[in-house]
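Novice: One-letter residues, chain by chain:
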Amino acid sequence: MKNYVIIGNGTAAVGCIEGIRSIDRDGKITVISSERHPVYCRPLISYYLEGKTDIERIKYRPENFYMENGCEVIYGKSAVKIDNGKKVILLNDESKIFYDELCIATGSDPFIPDFDGIESVGDKYSFMTLDDALAIEKAVSKNSKVLIIGAGLIGLKCAEGLRDRVESITVCDLADRVLSSILDSDCAQIMQRHLERCGISFMLGDSAAKFRGNTALMKSGKQVDFDILVLAVGVKANISLLKDIGGMCGRGIIVDDHMRTSVSGIYAAGDCTECTDISCGESKVIAILPNAYMQGKCAGINMAGAQEAYDKAIPMNSIGFFGLHAMTAGSYFGPEQNGEIYEEKSEDKIKRLFTKDGLLTGFILIGNTDKAGIYTNMVRNRIPLSEVDYERLKKSPDFVSFGAEYRKKKFGSVV
Amino acid sequence: MKRIFVNEKWCIGCHLCEYNCAFANSGIKDMVKALKGKNIYPRVHVEGDDKITYAVSCRHCTDPICVRSCISGALYIKDGTVCIDHDKCVGCLTCILVCPYGAVSQDENGAVQKCELCLKNSAGAPACALGCPNGAIVYEER
Numbered sequence: 001m002k003n004y005v006i007i008g009n010g011t012a013a014v015g016c017i018e019g020i021r022s023i024d025r026d027g028k029i030t031v032i033s034s035e036r037h038p039v040y041c042r043p044l045i046s047y048y049l050e051g052k053t054d055i056e057r058i059k060y061r062p063e064n065f066y067m068e069n070g071c072e073v074i075y076g077k078s079a080v081k082i083d084n085g086k087k088v089i090l091l092n093d094e095s096k097i098f099y100d101e102l103c104i105a106t107g108s109d110p111f112i113p114d115f116d117g118i119e120s121v122g123d124k125y126s127f128m129t130l131d132d133a134l135a136i137e138k139a140v141s142k143n144s145k146v147l148i149i150g151a152g153l154i155g156l157k158c159a160e161g162l163r164d165r166v167e168s169i170t171v172c173d174l175a176d177r178v179l180s181s182i183l184d185s186d187c188a189q190i191m192q193r194h195l196e197r198c199g200i201s202f203m204l205g206d207s208a209a210k211f212r213g214n215t216a217l218m219k220s221g222k223q224v225d226f227d228i229l230v231l232a233v234g235v236k237a238n239i240s241l242l243k244d245i246g247g248m249c250g251r252g253i254i255v256d257d258h259m260r261t262s263v264s265g266i267y268a269a270g271d272c273t274e275c276t277d278i279s280c281g282e283s284k285v286i287a288i289l290p291n292a293y294m295q296g297k298c299a300g301i302n303m304a305g306a307q308e309a310y311d312k313a314i315p316m317n318s319i320g321f322f323g324l325h326a327m328t329a330g331s332y333f334g335p336e337q338n339g340e341i342y343e344e345k346s347e348d349k350i351k352r353l354f355t356k357d358g359l360l361t362g363f364i365l366i367g368n369t370d371k372a373g374i375y376t377n378m379v380r381n382r383i384p385l386s387e388v389d390y391e392r393l394k395k396s397p398d399f400v401s402f403g404a405e406y407r408k409k410k411f412g413s414v415v
Numbered sequence: 001m002k003r004i005f006v007n008e009k010w011c012i013g014c015h016l017c018e019y020n021c022a023f024a025n026s027g028i029k030d031m032v033k034a035l036k037g038k039n040i041y042p043r044v045h046v047e048g049d050d051k052i053t054y055a056v057s058c059r060h061c062t063d064p065i066c067v068r069s070c071i072s073g074a075l076y077i078k079d080g081t082v083c084i085d086h087d088k089c090v091g092c093l094t095c096i097l098v099c100p101y102g103a104v105s106q107d108e109n110g111a112v113q114k115c116e117l118c119l120k121n122s123a124g125a126p127a128c129a130l131g132c133p134n135g136a137i138v139y140e141e142r
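Here the protein sequences line up with chains R and D, keeping their order.
If you read the first sequence in the working numbering, its first letter stands for residue 1, the second for the next number, and so on.
If you read the second sequence in the working numbering, its first letter stands for residue 1, the second for the next number, and so on.
Looking at chain R on its own, in the form it has when it is part of the complex (with noise of 0.2 Å):
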């Protein structure tokens, strides 16, 4: 009987947990927990503060989920250091796990930046766990002023979750525009326009040099009191338990195609790894859950002895900020790239679609959203442009462009 250890409670060790009970019913699966929550929606903690979950429904899986998979979950511990000559992790209360198949699900930290001052504030959070989410709801009053640090998609979904809540909201952010990682600046635009009409404050192209108790000086020489800090400037991958036994590692656990680690024995999956992005051949980190999700899964097969894949792995998000959605994936490549760019565009709505060497690469919607899956199915697969009526296909996401055999093919029998 194999012994399965997973560093890791999020979505990539459900994943992991489903992969290995889909080939192996009977082996010991033990779950190391640094969190003291059964796994939750970790993407949800911001519609927690909005009100559109609660402490119940967040939760990723159903209550028995560990019983019935056969799990032992190690509740706020963690994980320090592997010997992977013994095969043995250390844990923080010295205790020590034997394994024979490991998976890291170690996710990711925030990334905090050494402001100068930063110790002198009183109220300050980061955004990425329920018990952040838990301190904020807290600390914050009908009368709060916010300052968030960090206009990406952590920073400003918490904006939209803390709005109704408190007085004002300010984000701010060293990038000239908001959610730089998924959009480009007219995108952008769009979305913090949107954003200002819902009474969110911006200072873009600014950010704190440093805190002075609860009043931030920017970079700019302007002055920001605020009574609560959210520090939303970016993540790091957890990636320091394989790199000190030499594993390969960038910015994160660097994993092939099978998610194993370059350390035999030991895989890794979801925000801790970094993996080819299909979209533009470069391998990065890609931290979103259905890509955390699918890597545990494929290493939870592969550590039960059989073998799996994962070769599709893109960037995408679908985000919503109060009724206004965008949904983007891929890699946006513009004329300077060689690549090119169908657009179209109105007050409130934009469809960008960006196409390469005969692919579609990505796109960007803002508006309207609907039957985006038909153009993302295209950047995961690679579908050549060739195959379909791209003339069609840009303007109206559907089969007809797919032609007769694709349709029968896909609405004739069981996929």
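Just so you know, the hints here were simulated from the structure itself, not pulled from any lab data.
Relax, there's no trap hidden among the hints.
Reference listing, derived: stretches of chain D covered by chain R, where coverage requires no fewer than 3 residues with Cβ under 8 Å from a Cβ of chain R:
1. 6-20
2. 50-64
3. 68-74
4. 83-91
5. 97-105
The beta-carbon is built from N, C-alpha and C at its ideal position, and this holds for glycine as well.
Since chain R is already given, all that's left is putting chain D on it; use the hints.
Specialist: The following block gives chain D in isolation, referenced to the frame of chain R:
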């Protein structure tokens, strides 16, 4: 398990499947009251051009990417049917971002809806197939 299959050769583009779907999922007993004068939000939609039409609804994939991608744990598989727990769904629309068939949509309130083979409503079997006048939509084992 039984699934929905489409034979576009027999589809006349009448859109009856859309009306039958909206009615079956309305919870209202009278079809006129359920549909007349209202915008309908069916879980099946007819696509096509001037030459060909066909109905598209959830394929109930054997390894559904919507379920794997769901960030709220609201999408799940029950006996092969891809179902949604509306209580858990927060409307992030990740399922719409990933469904390769464009078969997941939003209802009148913006909440996510999808074909659940009429197993949760009073029709008991897919109303689109039951009401298709030409056998262009069938519900069977393949």
